[in-house]
Each structure stands twice: as C-alpha cells, then as structure tokens.
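Enquirer: This is what each chain is made of:
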Amino acid sequence: MHATPTIERILRGTAIALVCLFFMFPIAWIMLMSIQTNETILRVPPSVVFAPTFENYQALITGKLETAAGTLEINFMRNLWNSLLLSTSSVALGLVLGVPAAYAFARLKFRGSEDIAFTLLSFRFAPPLLVLLPLTIYFQQLGLANTYGGLIWVYQLIVLPLILWIVRGYFEDIPADIEYAYRIAGHGFWATFRRIALPLAGPGIAAAGLLAFIFAWNNFVFALVLASADKQPVTVGALAFVTASGIQYGQVAAGIVLSIAPTFALALYAQRYLVEGLSLGAVKG
Amino acid sequence: MSLELRNIEKAFGKDTVLDGVSLTVARGETLVLFGPSGAGKTVLLRLIAGVIEPDAGAITIGGRDMDGVEPEDRGIGMAFQNFALFPHMDAFANIAAPLTARHQTKSAMRETVGAVARLLKIDHVLHHRPKELSNGQKQRTALARALAGQPSVLLLDDPLRNVDAKLRFEMRLELPRLLKDQGATVIYVTQDYKEAMALGHRIAVMAGGRIRQIGTPAEIYLSPADIEIARLFGDPVINLLDVRPERGSQGVQVRLSDQALAIDAGFAAAIGRDCVLGLRPEALRFVAEGSPGAIPVEVETETPLNEKTVTLALTLRGREIMVSRPAGTPGPDHGRAHVAVDAGHALLFDRASGARIDPAAPVTPSRKEAVA
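Chains as they are written, first to last, in the numbering used here: chain W, 17 to 301; chain V, 5 to 376.
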C-alpha cells in the first residue's frame, strides 16, 4: 500500500465535513435555539452570540408557558411520558408477538407462510391516512379511541412488520443443525427455542427492538387522529407551541431536544447493533 | 439397541432422496453408510434422529416404532459433519447438553464431561467457546457431545470430513476402540472408503437413494455388486478390461493381449456376452518371460505408495493397467515386462448392466425370473 495522495485526502476530508455539516447542523441549531428567547431567535441577521437562558426548559418542565398573551398551561411532560409509555409497550408487545412469529416464518415452512409474511410487510406500503379513516370509526364504535390500549394496537402496524422481517433474517441465519443437535441431545422444542434460537438471534432482536422503538417514538399521525391531549406523545404535543400569539420557537426547540434525547442516546449506545441488524435484515429475508 | 428401517421413502418436492431403503443394524454393531454425496446418507441419518419425517416406511429402535416420537425422546447421540456446536456455549456446556436435559447434579455432570473429554483429549479446552477451538478440537467436542449422554444409538455423519489428514488418520485408529467401549449401535456415514473399511462391521453402499449392496468390508471388496462399487473401493482403483468370455480348452476363458486366461467355470453363462473383467492391482504380478499365462506389457511409471508400489503399464492394445506389489520387492521400472493374472480373484461384470456375474450362482437364464 502506498500513501494516499494529498489531493485525495483533502477531497475526502471536505466530503466528510460537508456530510457532517448537513446532518449535524439542524441538531446543533435546534440545541442553540432551545437556550434562547424568542426575541434572540428571530433577530435579523441571526447570530450565535447571545445570553443563554434555560427558561424554555423551565417552562416545559413546570408546564407554564409565558406568552405575550399571558400564561398558558401546557402538558409537555405528560406528552413525554405518553411517548415513553406508548413506544415501550408497543415494542414490548411487538417483540412478544413478532419474535415467535418470525421464528415460525423462518423455520416452519407452512402453506402460505410467504404470503402472510408479505402481507404483514405490505402494511408498511399503505399511507397511514388510508388506514386511519376507517380505523377511527371502528375505534370509536369499539371504545378503543383515545385509549393507550388502542394506540398500542395501532402502533403494531409500525413495529410488528419491522421486528418480524429483521428477526426472521436472523433466525434463518442460524444453521438448523445447531437446533437439531440440541433437540437430539434431549431438549424439547421450546427449550431449544429459548436456549438456542433466542440467544443466537439476540443481536438481531435487540436491533429490531431499537429500530421499532425509534419508529414508534417518531410516529405522529396515528396519535394525532386517535388520541386526545392527555394520551398524545411528544410529536403531537409539540403542536401546542403554536399559540394564538405566535409560534414559541424557543419552547419548540427545547421540546424537540427533550423528545429526541432518548432515541438519540439509545441510537448512540446501540449503534453497532443497529447497523448490523439493518444490513443483515436487508440482505436476508 | 437394534435399529431397523423398513422401506423408507423420502422426497423433497419432486426430488426423491430415499427410494425404499431397508436396513437392520444389530445391537452393538457399527454399520457404515458409504456413498457419493447426494446418495441420501445424511437424510437417512436425520430420519433416524427424527428431525425430519419419512414419507413412507417405518423406523424402529429397540423394537419400538419411532413414528411420532420426538428427536429428544429417541435416545440418540449424533455428531454432525459441520459439528453444529452451540456457538454461545463453551465446550463444557456443549458436551454437557445431553446431561442438562436429564437434570443431573452439577458434580455428576462435571464427572461425566471430564471423563469423555479426557478420553478425547480435549479436557484442557473445556472453557473455550467453539470459535476459539481448532477444527480438530471442534470435531472432538462434537463427538464428545454425542457420546456424553451414553446413547444406545450413535449417528456419526462424516465426522472426520472437516479435519486435517493427520487427525483423520489418528481418529480412524482410535474410533473403533472408542465405539466398541461405548457399546452403542453405530451408524457411521463417510465418503472415504478407507474409513468405511476400517470402522464398519458391515458397509452399506448407497447411491441414488437406494442401498446398492450391504456386507462386510471383505465382501464388498472381494465381491462388489457392480462395477461402480468395485471402482469405489480400492486404491489404486480396480483394472477394468472389456472382454468377451469364450469356450476354451479348460472351460471358460477370456483373451488378454492374445493370451488366453482361464476363468472360473461358473462364468459359462457369460460366454459370448460383452463383459468387463475386473482385476484388482494386487491380483496381478510381474513374472519372467515365458511363464505360463504371461502377458507382455510396457511399463510406464512406478509410484511408491507407502506399503506398496504401484506400476502403471500399457498392454499391447494400449490399455492401461495397474499392478501393485509390496514395497521393497523387486519389479521392473521401465521397458518390456510380463504380467501374470491370479485368475481366482478375477471379477466379471455384465457390460450393459454393470452387475457382477456370480460364478457360484446357478447357471440358468431362468435365475432372473426366479428372483423376480
């Protein structure tokens, strides 16, 4: 190997810098906005020199939004809690349902298994609004509208196909002989599933769970239509910052920072699994 | 425990893999399943293990019908060709897998695993994960796992295939004793005829989803059912020469390089038919010119092969034949020489069907009809 030419190094560095700038700038800008007041944000021209303030975060946490028109009650912490509850329960339910199903699709080639698996995937093709209109009516009749249970159910449309297809690829990657060997050694079907298949597909299950969590967390339209204020997640709750007296950019920014923090931290922590899970899930399946 | 297969059939889609296989293995016997890849050997093992179901036929182990019996309830130990070790468990846990199923105490388990690991010389790597083991150690771990549960039926699927030549040689020597000590009924799959000859009490030769011949190693070697089996067993490979038996002065004879060679009178039924004469290289020997039955040949090359020396020679008609003799004994290494044939070991095959013609069988055309 010979040394990389200087010109190539410079070009590569520039390209990387551009990509970083493109992806990181919005996040950095939002973080800067979240510690400014509306006045400093709306200055023309914008400046990065300002006196930082934490009153946006304070307003979010205490739930009292000071605007020109007076004090407004907002329920942002409640929204954050809803997001956490909805996403975690959806992913938990999705894993409980999806992992055994993925195993069945991977190992037991029953009649129509491919069609069923594809149908589940096809839920992701339809625009959510298409599903939502009839769903709203049904939910109201069934009394599921504006309940956590109903929302978690609808969220399965997002998390279940994802979990199913990624985890299925992982199960298919496990040589069947390894499971046969455990069976022959005297262990039953369920013991083999639990002690061989599950641990070996562990990274895939973790990756699928993480991705599903992020997708569920970022969902907007299902909760917007099917839930009222007290059940809404942050994505919908952020709408409250569009007030009669204008848009509270500072609070919006602070709200965004708070709402992306959990997924951001999760993604950073589990980056390795995510990339592995995505590439494997994409190639296999 | 004894094992019996009756008319086993298995197809995957339109591919018939096993086409009416019947087999009985006595208690404590080692039966080698020998055949080229795709013959259905591995599928047969899996059917016995119960991880796949036959389309038709019955499997009994120790007199008990195995239909609907789950793999974990069959009392079988199996070593896979690809080892199939549990990658997330160390060697100890791998070997102990048949014991954990029986809820043995920790100390009993340690004792059993330790004993079998010492036997297979892997006791120093018990805390290693499979990926930290060499191929030979993996193979021994897989074997240890199969043995640890002291199964009454042991299925070994070409366990020496993926190990180096030295270890294969060692294991070929060790395995018969090991299997004997175990006392289990063993089915051993291999594609290596030397392994088959060294390990099997009997050998079942499989091809195309059927058992073509079953017998002791000596029977398979000395009386192969057809040309293909004769070719598969033996190194160097058997000499096959096209001949047409004729009536001679002393009964039946064939012509080799214009020399008449008297063969067993039992071959009379083959007179006038297109046949193939099979001569093992060790059934040929170099003789002085003028000896009775001496066939002139041109010596091409000589290859020392450990305990024997193999000479490649050309007959007058340019047909290649191989002659083997014990290493160290004198023989020509070039030029003109003469070869004599030990006619007692000559095999005769029907050229069209490839089937061996048995000189001891009743010499009537009606024999085929009688069998049918």
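It should be emphasised that the hints constitute simulated quantities derived from the structure, not laboratory data. All C-beta atoms, glycine included, are put in the ideal place defined by N, C-alpha and C. Any given hint might turn out to be false.
Restraint-style ranges between C-beta atoms, simulated for each label pair [stated by the list, open to error]:
| # | chain 1 | residue 1 | chain 2 | residue 2 | range |
| --- | --- | --- | --- | --- | --- |
| 1 | V | GLU115 | W | PHE139 | 33 to 39 Å |
| 2 | W | LEU109 | V | GLY17 | 34 to 40 Å |
| 3 | W | ASN162 | V | ASP77 | 49 to 55 Å |
| 4 | W | ARG140 | V | THR28 | 27 to 33 Å |
Enquirer: Each hint: holds or not?
Expert: Comparing the hints with the structure gives:
1. V:GLU115 - W:PHE139: 33 to 39 Å: 55 Å, violated
2. W:LEU109 - V:GLY17: 34 to 40 Å: 37 Å, holds
3. W:ASN162 - V:ASP77: 49 to 55 Å: At 52 Å between Cβs, range holds.
4. W:ARG140 - V:THR28: 27 to 33 Å: 56 Å, violated
Against the hints set out earlier in the document, violations occur for numbers 1, 4.
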